[in-house]
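Trainee: Please build the complete structure, drawing on both the sequences and the hints.
Protein chains: 2
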Amino acid sequence: MTGTAPAPFTADDYRGRRERAARAAADAGLAGLLVAPGPDLVWLTGYAPPAETERLTLLVLVPGQDPVLVVPALEAPDAAKAVGMPGLALRDWTDGKDPYAATAALLDASGRFGISDNAWAMHLLALQKALPGTSYASLTDALPMLRAVKDRAELELLAAAGAAADATFEEIRKVPFGGRRESEAAADLAHLLRRFGHSQVDFTIVASGPNGANPHHEVGDRVIERGDMVVLDFGGLKDGYGSDTSRTVHVGEPTEEERRVHDLVREAQEAGYRAVRPGVACQEVDRAARAVIAEAGYGEYFIHRTGHGIGVTTHEPPYMIEGEEQPLVPGMCFSVEPGVYLPGRFGVRIEDIVTVTEDGGRRLNDTTREMVIVD
Amino acid sequence: MTGTAPAPFTADDYRGRRERAARAAADAGLAGLLVAPGPDLVWLTGYAPPAETERLTLLVLVPGQDPVLVVPALEAPDAAKAVGMPGLALRDWTDGKDPYAATAALLDASGRFGISDNAWAMHLLALQKALPGTSYASLTDALPMLRAVKDRAELELLAAAGAAADATFEEIRKVPFGGRRESEAAADLAHLLRRFGHSQVDFTIVASGPNGANPHHEVGDRVIERGDMVVLDFGGLKDGYGSDTSRTVHVGEPTEEERRVHDLVREAQEAGYRAVRPGVACQEVDRAARAVIAEAGYGEYFIHRTGHGIGVTTHEPPYMIEGEEQPLVPGMCFSVEPGVYLPGRFGVRIEDIVTVTEDGGRRLNDTTREMVIVD
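Sequences listed follow chains A and B, in order.
Here the UniProt record's numbering is used: position 303 in the first sequence is 303, and no number is missing along the way.
Here the UniProt record's numbering is used: position 73 in the second sequence is 73, and no number is missing along the way.
Keep in mind the hints are simulated off the structure, nothing from the lab.
You can trust all of the hints, since none of them are fake.
One-sided excerpt, in silico: chain A residues whose CB lies under 10 Å from chain B:
#: 1; residue: LEU34
#: 2; residue: ALA36
#: 3; residue: GLU75
#: 4; residue: GLY96
#: 5; residue: ILE115
Okay, the calculated beta carbon distance ranges per label pair:
#: 6; chain 1: B; residue 1: HIS216; chain 2: A; residue 2: ASP375; range: 49 to 57 Å
#: 7; chain 1: A; residue 1: PRO132; chain 2: B; residue 2: PRO278; range: 38 to 46 Å
#: 8; chain 1: A; residue 1: PRO132; chain 2: B; residue 2: GLY87; range: 37 to 45 Å
#: 9; chain 1: B; residue 1: PRO77; chain 2: A; residue 2: ASP95; range: 42 to 50 Å
Note that the structure is predicted; figures quoted are calculated from it, not measured.
Idealized CB from N, CA, C, for every residue including glycine.
Mentor: Right, dumping it as structure tokens:
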């Protein structure tokens, strides 16, 4: 049941990523990277233990040294099978031994290290105790763009995940909404995502009527009514890579105002998408989408950032947000998802995953962005 | 989709737990407890956000102060609905604000704090930066017995989870094993656990023939053969509380040696169970089970501790292991699971959850411990 990433990567792909990561660490003035189970470890080794636990598993990447995976002895046989293991030394430890001493022996006792955001506090505390002269920065603070630029195989997997999400939308638009609970439509979305190849469903937001005005509303027991706008926002992982798309549908005929707001969000999403090209700062994508909504007088109702990166997780850098000056690079993938939220009334959000190409952007979602009328 | 613990606890139950935890912190010389999403937070508040993320959610329990839950504004409405929220102040923060400064303002700038084992390193690093004079210990190091003694409602939930695991065993023993893959039998176990009320399946170990000699083998593609011993070890969460039981079955008639080893493990399990009573040190349970196996000459083949606690997680303190001098207290719940593992040949493990009563122990699993012959 322990998994290796099902992605079609070779040992050389993983080795190349580790080499790039070690170089990036050195360039950032770090003595090394300490990678706990989670997306970074999957990306660097193909190894995904079933869960992060109190037993230390840690990839130690020190520039100029051979990389080492510290792993509990009981889990070593599974780790050894991971596709990315060639070129990586396994250092296993048995219950009762001190894995922190073994890890400390690999590290510069006065170095600064990047450590996975989600590494457990108990592991960090034990390392700090073993090596009081070291200091640490979270990996996202230290190397935010580590996984941001996708290679061709990754782009293919993201495109396939996007296509599966699109197929999900094409099916969900056929089901009846009026008279059913949000939670029932959400269960349909989860079922469809799995049917189209997702192994993990991360979110299935169904936000009807006034619930749509809360961008964080996930799903509830509200019965969807005729005349409701319904925000659908769903995604997860297919073959180890993420999907995330939003469309806003209407149960029966919309009012003129509902149409106008939907058109506005569609234009904002289009403007965000058109802003995408190499060298443009992330914040420019946010500004482009936001300007459309602000000019129409709805600026105060667009209350979140325009987008987030996607890859082996469904939310990661780069963020399309005011203040993010990181220039776009071909291969980056992220959402463009402006919205308008009218408190107590309704909300609209339209979202595609977009990847940066040599001369612009390419959408990985392509269902209609016109308002879809459902039953 | 965000959850509150489905357990039948009242606001007063949660308040009482927080008060006990704050007293325990003070007794341990801590300036407070910092509790991240996960089992401790569920136990102290009934609140379970869907996942721990880069957005800080943290319960701040400082002896003598009102407890505070720091929570992202978008998640505050869900948090407010948790059963344990009365008596707990919500301090919400919006994207772009600094939640660490807000948290730091609640803390003694030179205090020592207990922090959840699984709190994210990025959050701990940010707190250390905001308050350089503070120091930290993981909650399991600082207060290992915080959740160890269960109250009556918790014991009822653990008993119900155990009964569901037992019902699973009664069904799985009827299915054919020979000729099927371990992974197929594991899928049956998962299905049955859910059918009998589990909302979460944590493990479904099916270790046949030589795989049974690796106590950490979970499941694989090996086709189970006639003549195999098969270790089954399965559990998860039902209504927020854990199950975990193991039985070893045989496909067709066992050999005389297989019977002898199975009988030996059964006697060891019985001896461990009989050692349970208030005031006895945890390590005595381990010693009692281990002595039976050692006296029969199989000591070197019993290669793990005898047991672990169970509650809102399926693995937690107290541990039944040599060196653990913690005395047993009525209400503690833990596994008693000796095993014998003969490399390259087969393994046997028998496991029940046992709770400490006023005058001994009571098993929460009660399927037969005789060897079951399956098809």
